[in-house]
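Go ahead and model the full structure; you've got the sequences and the hints to work with.
Number of protein chains: 2
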Amino acid sequence: MQYNSFILPANTIYMCGHSLGPLTKSAKMQMEQGVKEWEEEGVLSWNKASWIDLPMQLGRKIAALIGAHADEVTVSDSTSVNLFKVVQSALALNPQRKIILTEADNFPANLYIAQGIAHSNTAITVSATEQFFENMSKDVAVLLLTQVNYRTGKMHDMALITEYAHSLGIVVVWDLSHSVGIVPVDLGGCNVDFAVGCTYKYLNGGPGAPSFVYINRRHYDSACSPIYGWMGHRTPFAFQDTYVADSGASKYLGGTPYVLGLKALEGALSLFSELDLGEVRKQCLINAEMLIDCLRKWVSEVLCLSPELPELRGGHIALEHNAAYFISRALIDEGLICDYRHPNIIRFCVNPLYLSPEDMVQGALLLGQIVRKKIYLQDKYQQTLKVT
Amino acid sequence: MQYNSFILPANTIYMCGHSLGPLTKSAKMQMEQGVKEWEEEGVLSWNKASWIDLPMQLGRKIAALIGAHADEVTVSDSTSVNLFKVVQSALALNPQRKIILTEADNFPANLYIAQGIAHSNTAITVSATEQFFENMSKDVAVLLLTQVNYRTGKMHDMALITEYAHSLGIVVVWDLSHSVGIVPVDLGGCNVDFAVGCTYKYLNGGPGAPSFVYINRRHYDSACSPIYGWMGHRTPFAFQDTYVADSGASKYLGGTPYVLGLKALEGALSLFSELDLGEVRKQCLINAEMLIDCLRKWVSEVLCLSPELPELRGGHIALEHNAAYFISRALIDEGLICDYRHPNIIRFCVNPLYLSPEDMVQGALLLGQIVRKKIYLQDKYQQTLKVT
Numbered sequence: 001m002q003y004n005s006f007i008l009p010a011n012t013i014y015m016c017g018h019s020l021g022p023l024t025k026s027a028k029m030q031m032e033q034g035v036k037e038w039e040e041e042g043v044l045s046w047n048k049a050s051w052i053d054l055p056m057q058l059g060r061k062i063a064a065l066i067g068a069h070a071d072e073v074t075v076s077d078s079t080s081v082n083l084f085k086v087v088q089s090a091l092a093l094n095p096q097r098k099i100i101l102t103e104a105d106n107f108p109a110n111l112y113i114a115q116g117i118a119h120s121n122t123a124i125t126v127s128a129t130e131q132f133f134e135n136m137s138k139d140v141a142v143l144l145l146t147q148v149n150y151r152t153g154k155m156h157d158m159a160l161i162t163e164y165a166h167s168l169g170i171v172v173v174w175d176l177s178h179s180v181g182i183v184p185v186d187l188g189g190c191n192v193d194f195a196v197g198c199t200y201k202y203l204n205g206g207p208g209a210p211s212f213v214y215i216n217r218r219h220y221d222s223a224c225s226p227i228y229g230w231m232g233h234r235t236p237f238a239f240q241d242t243y244v245a246d247s248g249a250s251k252y253l254g255g256t257p258y259v260l261g262l263k264a265l266e267g268a269l270s271l272f273s274e275l276d277l278g279e280v281r282k283q284c285l286i287n288a289e290m291l292i293d294c295l296r297k298w299v300s301e302v303l304c305l306s307p308e309l310p311e312l313r314g315g316h317i318a319l320e321h322n323a324a325y326f327i328s329r330a331l332i333d334e335g336l337i338c339d340y341r342h343p344n345i346i347r348f349c350v351n352p353l354y355l356s357p358e359d360m361v362q363g364a365l366l367l368g369q370i371v372r373k374k375i376y377l378q379d380k381y382q383q384t385l386k387v388t
Numbered sequence: 001m002q003y004n005s006f007i008l009p010a011n012t013i014y015m016c017g018h019s020l021g022p023l024t025k026s027a028k029m030q031m032e033q034g035v036k037e038w039e040e041e042g043v044l045s046w047n048k049a050s051w052i053d054l055p056m057q058l059g060r061k062i063a064a065l066i067g068a069h070a071d072e073v074t075v076s077d078s079t080s081v082n083l084f085k086v087v088q089s090a091l092a093l094n095p096q097r098k099i100i101l102t103e104a105d106n107f108p109a110n111l112y113i114a115q116g117i118a119h120s121n122t123a124i125t126v127s128a129t130e131q132f133f134e135n136m137s138k139d140v141a142v143l144l145l146t147q148v149n150y151r152t153g154k155m156h157d158m159a160l161i162t163e164y165a166h167s168l169g170i171v172v173v174w175d176l177s178h179s180v181g182i183v184p185v186d187l188g189g190c191n192v193d194f195a196v197g198c199t200y201k202y203l204n205g206g207p208g209a210p211s212f213v214y215i216n217r218r219h220y221d222s223a224c225s226p227i228y229g230w231m232g233h234r235t236p237f238a239f240q241d242t243y244v245a246d247s248g249a250s251k252y253l254g255g256t257p258y259v260l261g262l263k264a265l266e267g268a269l270s271l272f273s274e275l276d277l278g279e280v281r282k283q284c285l286i287n288a289e290m291l292i293d294c295l296r297k298w299v300s301e302v303l304c305l306s307p308e309l310p311e312l313r314g315g316h317i318a319l320e321h322n323a324a325y326f327i328s329r330a331l332i333d334e335g336l337i338c339d340y341r342h343p344n345i346i347r348f349c350v351n352p353l354y355l356s357p358e359d360m361v362q363g364a365l366l367l368g369q370i371v372r373k374k375i376y377l378q379d380k381y382q383q384t385l386k387v388t
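Read top to bottom, the protein sequences are chains V and P.
Heads up, the first sequence is in the working numbering, so the first residue is 1 and it goes up one at a time.
Heads up, the second sequence is in the working numbering, so the first residue is 1 and it goes up one at a time.
Any copy, or any two copies together, can satisfy a pair, since identical chains are not distinguished.
With a straight-line Cα cutoff of 30 angstroms, these simulated DSSO-like cross-link-like pairs (lysine-lysine) come out: (1) K28 with K48; (2) K374 with K48; (3) K28 with K61; (4) K48 with K25; (5) K48 with K380; (6) K48 with K373; (7) K154 with K138; (8) K36 with K380; (9) K98 with K154; (10) K25 with K36.
Keep in mind the hints are simulated off the structure, nothing from the lab.
All of these numbers come straight from a predicted model, not from anything done at the bench.
Right, dumping it as structure tokens:
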């Protein structure tokens with residue numbers, strides 16, 4: 001759809017955007033612009049180049065993608081740090097309750113953050129996915145869920161879950177890392193309390209791009225970040241002795257903004273202002289359907305873990321195979337960049353912004369070849385993996 | 001000393017490195033390299049280009065500048081977030097005590113972080129600088145100080161203060177933001193417990209470059225970050241359900257590393273491996289002396305707030321004048337980039353890596369001209385400042 005906007009690795013099919021979105025021309029240009037501003041004006045660029053405005057300016061752009069008001073979103077810190085801030089905030093809104101409820105299959109980084117918080121002053125219930133409705137009760141303070149599962153790519157029903165949790169007085173936090181930019185999100189319509197999300201997957205913000213925070217307007221007066229970052233002060237440059245939180249999402253800002261990362265993200269986000277996310281979703285499901293169809297026909301050796309129902313799918317398709325790791329190595333070696341999740345999952349991104357239905361066919365053909373010819377058993381694929 | 005390594009703003013004297021260090025050729029090169037890696041290999045660069053190793057690799061380089069062991073330092077998050085982590089850690093090491101002692105004249109961001117922590121489970125004593133020795137007692141859990149004052153540029157005696165605090169069982173946290181890379185720091189020799197510091201001032205890491213954390217080896221078994229970041233897990237890519245902290249400084253890592261910012265910092269730090277910091281200090285004091293001498297002779301209208309004794313000075317000189325803001329605007333307009341701190345301070349960086357004694361003479365001459373001719377009263381300097 002936007003193939004010309006991306007600079008993809010040469011001679012490859014890049015099916016790993018759910019892990020790290022590819023470089024866009026506009027991100028590259030804005031990065032160069034940021035370095036130029038640093039070079040030519042030094043510290044003056046905080047004002048002259050409006051660096052200081054980047055967190056809220058990019059927050060406004062992301063707000064438009066997730067059904068939020070412009071002032072409800074800001075960009076700051078990592079997803080882990082932002083999760084820490086909003087889960088603590090959510091707990092403070094429910095001071096009589098002490099339980100954080102989450103899902104066993106949530107992304108481990110989310111579980112860790114909850115465990116760190118539970119360590120000091122609260123408890124955590126890690127529920128099986130099938131049981132978290134029955135685990136919701138009036139004892140639960142905070143529900144912490146990820147909208148699209150990082151392994152299976154299955155999407156939760158945000159509206160239904162949020163509504164039910166609210167009926168029990170539970171404050172709801174959603175992690176949008178695997179959904180923002182690729183599936184429909186309507187935080188306002190679902191009346192969500194808090195959300196966070198990473199910007200380096202479907203938003204293509206670059207490796208380790210800073211994360212965003214959403215806080216519903218109705219919590220502006222009562223919610224507060226546990227980390228009193230000076231950028232969240234009402235008047236940071238008055239250098240007052242006492243912290244006074246700003247209003248709106250900006251109170252969730254931390255230290256000095258990560259300008260270089262924000263500049264790349266600024267460029268990457270410029271793509272989305274021209275996009276119809278409904279059309280992206282439609283094309284994404286066409287890609288997914290094409291991939292699954294081809295796999296059914298040609299590669300019966302792998303099991304598709306992603307939902308049968310298209311409306312429950314996110315932006316990637318997960319396949320199970322006992323030799324998943326070695327198969328993923330062989331695929332990469334043959335020019336299809338995918339990734340592996342311990343112990344037996346291969347994930348394929350189907351983002352239509354830079355992947356076509358033909359890429360899906362090519363991917364399935366290649367996978368079939370590697371599996372049937374047992375190419376993955378070759379010695380060279382027995383190396384050790386650190387990250388993909 | 002290293003003039004050829006920097007790309008300074010054209011036709012200016014850049015005396016603002018204590019706020020944002022200038023771009024180096026090597027930082028620019030590494031940034032471009034990082035974008036190239038993203039472009040050419042996408043997600044594979046986490047391993048192929050060793051992105052995943054950057055936080056500890058850069059930590060090792062910074063360790064060499066602050067008297068720390070290589071494994072005691074890592075680079076992650078902002079200074080504010082890192083302060084939150086280490087102050088909470090320090091409190092947990094002293095569970096019978098509930099007071100954080102700090103200095104009224106500490107950088108406000110440090111006061112805010114302490115206030116945020118005090119809000120939930122502890123108290124804070126903000127002491128006048130002259131009285132913090134007498135305010136130290138066996139009730140104090142944590143002492144939080146910045147080595148070099150952000151306004152006056154006055155340096156604390158780290159060895160003496162840390163030793164006295166330890167004699168009372170106080171855990172000591174130092175903020176090195178205004179000292180790392182420009183003044184001698186010996187965390188190991190002073191037996192400091194925790195430290196943090198920013199990398200965008202004297203280390204020239206770029207706007208909003210990620211910050212570093214130091215944890216003394218003797219706390220490896222007992223100290224723990226309150227934010228259980230997945231990069232601090234012993235085996236982050238095993239995706240285990242339960243958080244198990246890594247050993248060493250790496251347990252203070254947070255979310256996915258800020259690669260683009262880290263690449264710039266990697267380039268910037270390459271300069272320091274060739275430098276003798278003792279020589280930098282010597283030249284820095286020569287610059288400071290030259291500036292102060294010229295000001296005494298030519299600009300008696302401004303009051304020097306920085307210490308008389310050279311050994312108590314940091315890397316910048318602070319001047320007081322009622323029209324400080326307007327004077328700083330006029331200086332910048334005339335090509336001398338300095339900065340202003342509310343309500344009446346102008347700060348001049350004297351970093352010898354890119355500023356010569358001749359620059360000091362030029363700076364003093366220009367300031368004298370602006371003050372004596374009252375150029376700062378011109379209408380065009382009445383604009384509003386957000387950041388410098």
